[in-house]
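In terms of this note's numbering, the numbers along the sequence shown are unbroken and rise by one, the last being 163.
Wrong hints could be hidden among the right ones.
Below, in silico cross-link-like pairs of lysine-lysine (DSBU-like), each with a Cα-Cα straight-line distance of 35 Å or less [as the list claims (entries may be wrong)]: (1) Lys110 to Lys77; (2) Lys77 to Lys159; (3) Lys159 to Lys110.
These aren't lab readings, by the way, just hints derived from the structure by calculation. It should be emphasised that the depicted structure is a prediction, and the values quoted were computed from it without experimental measurement.
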Amino acid sequence: MDDRPSRSPAAAGFPSEIDVIVDNPAWRRYLRQPERIASRAAALLDEPMVVMLSDDRSVRRLNARHRGIDKPTNVLTFEPMGGQPGELVLALGVVRREAAAEGKRLADHLAHLVLHGGLHLLGYDHHHPGEARAMEMEEAQLMACLGRPNPWKARIT
Numbered sequence: 007m008d009d010r011p012s013r014s015p016a017a018a019g020f021p022s023e024i025d026v027i028v029d030n031p032a033w034r035r036y037l038r039q040p041e042r043i044a045s046r047a048a049a050l051l052d053e054p055m056v057v058m059l060s061d062d063r064s065v066r067r068l069n070a071r072h073r074g075i076d077k078p079t080n081v082l083t084f085e086p087m088g089g090q091p092g093e094l095v096l097a098l099g100v101v102r103r104e105a106a107a108e109g110k111r112l113a114d115h116l117a118h119l120v121l122h123g124g125l126h127l128l129g130y131d132h133h134h135p136g137e138a139r140a141m142e143m144e145e146a147q148l149m150a151c152l153g154r155p156n157p158w159k160a161r162i163t
């Protein structure tokens, strides 16, 4: 297996403004075509962005450097700067642990987190209850467009 990062091809039917980079090839051990899942979710937002599928260590370093929090998180969102698109960076370990703990399929959780981070790029936030509810409703609608379950519904396993 080639360990170099790979990019999603624009020829796969996704807008060229969406670039998915598989920085950690372990994503492919758990999901077939993780870049396709991320690209499909990001394309719904009609916002140029780079989605980096990375690991806990890299996300922890970025989180410490940019937010002063020395631990990994599921997704970090970086606003567009200098004409460059916004960026999302996802931590495989955190995403896998959350999906397992919540009884969700990993593919569904990945799609949800790409949508969540992308909505932050569009100005959505969840610091106040009203904002959180609006963001959750938008996420649920977008997940339905992908044919994926509402991430806010409790799972019975």
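Hinted pair, alpha-carbon criterion (35 Å max): Lys77, Lys159. Please report holds or violated. holds (27 Å)
Pair hint Lys159 and Lys110, alpha-carbon separation not exceeding 35 Å: holds (11 Å)
For the pair supplied as a hint, Lys110 and Lys77, confirm whether the alpha-carbon distance does not exceed 35 Å. Since the Cα atoms of Lys110 and Lys77 sit roughly 23 Å apart, the hinted pair holds (cutoff 35 Å).
Consistency with the previously given hints is maintained throughout, with no hint failing.
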